[in-house]
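**Student:** Residue-level listing of the chains:
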Amino acid sequence: MTQTETADKKTAAKKTPAAKAKAGATVTSVPEPKKAAASAAKKKSGLAFPFTAIVGQEEMKLSLILNIIDPRIGGVLVMGHRGTGKSTTVRALAEVLPLIERVKDDTYNRTVDQYVEAEEAKKGHKPIDPASVKTEKIPVPVVDLPLGATEDRVCGTIDIEQALTSGVKAFEPGLLAQANRGFLYIDEVNLLDDHLVDVLLDVAASGKNVVEREGISIRHPARFVLVGSGNPEEGELRPQLLDRFGLHARIITILDVAKRVDIVKRRREFDDDPDAFMKKYHRDQLKLQHKIQQAKDILSEVTMTDAVLTDIAKLCMNLGIDGHRGELTITRTAHAHAAFMGDKEVTMKHVREIAGLCLRHRLRKDPLETLDAGEKIERELAKVLGEAEAV
Amino acid sequence: MIAFTDIVGMDLAKKALMLLAVDSELGGVVIPSAVGSGKSTIARAFAHILPEGTPFVELPLNVTEDRLIGGVDLEATLATGMRVVQHGVLSKANGGVLYVDSISLLDSSAVSHIMDAISRGEVLVEREGLSEVHPAKFMLVGTYDPSDGEVRMGLLDRIGIIVPFTAQNDYRARKKIVNTVLGKRDEEDTRDELNMLTGFIKAAREQLPHVSISNEQIQALIQTAISLGVEGNRVDIFTVRAALASAALAQRSDVEEEDMKLAIKLVLIPRATRMPEREAQAEEMPPQEAPPQEETEEEEDENSRADTPDADAEEEQKDTPDMIEELMMDAVEMELPDNILNISLASKKKATTGSRGEALNNKRGRFVRAQPGEMRSGKVALIPTLISAAPWQEARRRDKKMAGKSNTALIISKDDVKIKRFRDKSGTLFIFIVDASGSMALNRMRQAKGAVASLLQNAYVHRDQVAMISFRGKQAKVLLPPSQSVDRAKRELDVLPTGGGTPLASALYLGWETAKQARSKGITQVMFVLITDGRGNIGLQAAFDPDAEKVSKEVLEKEIEALSLSIQADGIAAIVVDTQMNYLSRGEAPKLAQKLGGRYFYLPNAKAEQIVEAALNF
Chain A
1 MTQTETADKK
11 TAAKKTPAAK
21 AKAGATVTSV
31 PEPKKAAASA
41 AKKKSGLAFP
51 FTAIVGQEEM
61 KLSLILNIID
71 PRIGGVLVMG
81 HRGTGKSTTV
91 RALAEVLPLI
101 ERVKDDTYNR
111 TVDQYVEAEE
121 AKKGHKPIDP
131 ASVKTEKIPV
141 PVVDLPLGAT
151 EDRVCGTIDI
161 EQALTSGVKA
171 FEPGLLAQAN
181 RGFLYIDEVN
191 LLDDHLVDVL
201 LDVAASGKNV
211 VEREGISIRH
221 PARFVLVGSG
231 NPEEGELRPQ
241 LLDRFGLHAR
251 IITILDVAKR
261 VDIVKRRREF
271 DDDPDAFMKK
281 YHRDQLKLQH
291 KIQQAKDILS
301 EVTMTDAVLT
311 DIAKLCMNLG
321 IDGHRGELTI
331 TRTAHAHAAF
341 MGDKEVTMKH
351 VREIAGLCLR
361 HRLRKDPLET
371 LDAGEKIERE
381 LAKVLGEAEA
391 V
Chain B
1 MIAFTDIVGM
11 DLAKKALMLL
21 AVDSELGGVV
31 IPSAVGSGKS
41 TIARAFAHIL
51 PEGTPFVELP
61 LNVTEDRLIG
71 GVDLEATLAT
81 GMRVVQHGVL
91 SKANGGVLYV
101 DSISLLDSSA
111 VSHIMDAISR
121 GEVLVEREGL
131 SEVHPAKFML
141 VGTYDPSDGE
151 VRMGLLDRIG
161 IIVPFTAQND
171 YRARKKIVNT
181 VLGKRDEEDT
191 RDELNMLTGF
201 IKAAREQLPH
211 VSISNEQIQA
221 LIQTAISLGV
231 EGNRVDIFTV
241 RAALASAALA
251 QRSDVEEEDM
261 KLAIKLVLIP
271 RATRMPEREA
281 QAEEMPPQEA
291 PPQEETEEEE
301 DENSRADTPD
311 ADAEEEQKDT
321 PDMIEELMMD
331 AVEMELPDNI
341 LNISLASKKK
351 ATTGSRGEAL
361 NNKRGRFVRA
371 QPGEMRSGKV
381 ALIPTLISAA
391 PWQEARRRDK
401 KMAGKSNTAL
411 IISKDDVKIK
421 RFRDKSGTLF
431 IFIVDASGSM
441 ALNRMRQAKG
451 AVASLLQNAY
461 VHRDQVAMIS
471 FRGKQAKVLL
481 PPSQSVDRAK
491 RELDVLPTGG
501 GTPLASALYL
511 GWETAKQARS
521 KGITQVMFVL
531 ITDGRGNIGL
541 QAAFDPDAEK
551 VSKEVLEKEI
561 EALSLSIQAD
571 GIAAIVVDTQ
581 MNYLSRGEAP
591 KLAQKLGGRY
601 FYLPNAKAEQ
611 IVEAALNF
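In the order they appear, the protein sequences are chains A and B. Taking our numbering, the leading residue of the first sequence gets 1, the next gets one more, and so forth. Taking our numbering, the leading residue of the second sequence gets 1, the next gets one more, and so forth.
Just so you know, the hints here were simulated from the structure itself, not pulled from any lab data. One or more hints might be untrue.
[What the hints assert, rightly or not] With a cut-off of at most 25 Å between alpha-carbon atoms, the simulated DSS-like pairs for lysine-lysine come out as follows: (1) A:K169 - B:K414; (2) B:K202 - A:K169; (3) A:K259 - B:K261; (4) B:K92 - B:K202; (5) A:K265 - A:K296.
Note that the coordinates shown come from a computational prediction; the quantities given were computed from them, not determined experimentally.
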């Protein structure tokens, strides 16, 4: 499938609920011509700036890629300066994602096993032969959760149109359902309303979404890679939410003039003729997509020696990190990083490159600490590696 | 109607709007200007120089979330029994202008939605069972009075042009001119001029794709952005676009120096965080914290800097300090209080007290949104409840009939009930006013820094905010405007210079101003945490006039007393933390506490935690 096709498909898929809502309404507050303009604008916005054309910000790009390779890493929080392409990069991600297999037209993106299990669990349901279930391949979904979303749209609610026309009280899945097995992206995550944060924490912890409304009760899988971005100056992130993110990428203003000239030029080129620009990067996009898929394929073969594991544990201990989430995240991320590099054994070199990403947000906060978290991690790493003198 | 061409003065604002008219991708224009200057006039006049039929939507400050983003249209939904969509203000502005007067007073959730719409070019409506995407590509024009507070940086980052705030903007005097001129002009002249301008802009728009900018010019602009310490890379695109639009307005096909200067003036300078280094100023300037960067990058950076043979860049860099200085001087002049000692004590309004709470609550504040909830847990939001019940009426009536029950006019079930959620920034604003003068300064700063950081750590839970003012030399300075950000507070505190005189009066005045601004944004409780020995020796006038004569002790005391009483009368709580060693203390700090009606703490070796405790337990 070519990239543009993917893009078109995505647009179409995203449009359906809207189209549905419109079709149901006999009165509409929008006059005809505006509607046409709307769909045209929509199509244009469907073209995201290509991931491979983004200059710099390697830390953020790597952490996103590693999460595609192993979604169990637990997502990434991208915090940093304004106007440095945080949301552009995340939105560009969709185009390099691999495909996943799901039960055909399943709104929860379930695998055959998940589907069979859920359906058989329903009262009075006969056993289903997994072979009889039709499947399809879709790109890993990337779902945008806007700040103004209401709880019913996030969690899902009753499909009124269906209830009225056919008298069936059917569940209309929300954003959490759409995000199952995919990415859930929240821009300005540090500004998200508290009650939505509660919902997210709850679902992220259990991997399930439970909704009770109008006398029906729904429970569906909602496992997603949480991606958040924001500017720390706009406000702090709730500690529980911060802890949920596997990785923490930091992003700063690029100060290299040549790189910045390049950014300006590429942006202008894209704005002038998005199609031509996409074409130019088509090959790079495919290459990256392929590389990610390959890493995914070999991930299960990647091994790690006990010596490396011990060093990781030492590092976390020396840094005084509570719990075991630190070690676990480093281990998983290092595996994914090795796979991305095409290596089948995790070495301390891999660990070193991702340790900052994994631990930065897990260090205890000391108001008077002047040392940057990254430097502290780097220093302890060097100690563990016995390079203290060299640094 | 006052036409765009009739407005005298505010040339820079007019120029900015013209650039925006030429290239809407500049995102918008923000115009700071003093009260009563008719700043909204110019924004509204802007509508007339745009192509006919361009939407111009004015955003009311008290807009609710559903009006802003869009939601269910109650009337139509009740009439049809189907969910009918109502577009929000943001999507109504699509293809046109969204105008916000007093944009610095806009609710922070509204600001977030506007930011989101700008970065997407559309609004995602994921509410009340609706899942829609409405296009919302608009130019944002915002005007505000800087004495009301500043516009959120995140929003400014997405807007291309920020008109520098200068005395020029204050055209109270020029208003007269407008009136006189208007009296003499006939309508035909106005129409002709307006037509000419509109034609002019149309021509510029056509010229725009044919304007080119050289690599060296782009480099020079970026170099300027870096030397001014402007955050982010997005600004580069705005700067280049502004230069191109300026050249297009002049019907040129190449960007020239004047275009670049204009772009720097309108895009970069208002975002400057530092002045380009100049030797004469080097000593006075606080040490700049170098942004963290990789070494290799720095090297490359140096190289490319050396490689730039562009004379423009050099010249721009030389020019900018003067420009900034000029602008800052103007800004300071504007803030000069007319008669500070005649502060009215008549307006003794006590701030309402309440417990420190969360941002959105069920009880008080401004109604922001409705959310499902128990009927008893708060105020029922009637209309949202009706909206969610409306589509079900037919079905429920059918069910009831089948069950053999009698029908009521409206069947509302428990699930429909929506509770009002209010935004109430009832958290306390702690204003740290820290004496940075004299030899004890370093020690005091460390304590204050620790206290601010620990308070901020709790800020998320309590929704408290912290501001910080330091005073030394001639005047007090706001180091940190009200903020919840630990990062920002730390960064500001790291570069604080110390030593010099003790302008206590200026600090109190600035603290009071900061408190007033915060009040206008919904903060109800303010507390001053003064870390000082209370020994002011610089008069208030010195803050505004560097050549002011040294004032007598009596005047100093009078100033401090008048300010303290006014602050107390304004319902601001205060504690004074004295850090001076006992044998040096002359009892000024307890007196200050008394005047402020606050408490006095003598903590010569106070740890940060002790200060926090004192503030929180007060």
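**Student:** Next, verify each hint and record whether it holds.
**Tutor:** Verification of the supplied hints:
no.: 1; hint: A:K169 - B:K414; result: holds (16 Å)
no.: 2; hint: B:K202 - A:K169; result: violated (55 Å)
no.: 3; hint: A:K259 - B:K261; result: holds (23 Å)
no.: 4; hint: B:K92 - B:K202; result: holds (24 Å)
no.: 5; hint: A:K265 - A:K296; result: violated (34 Å)
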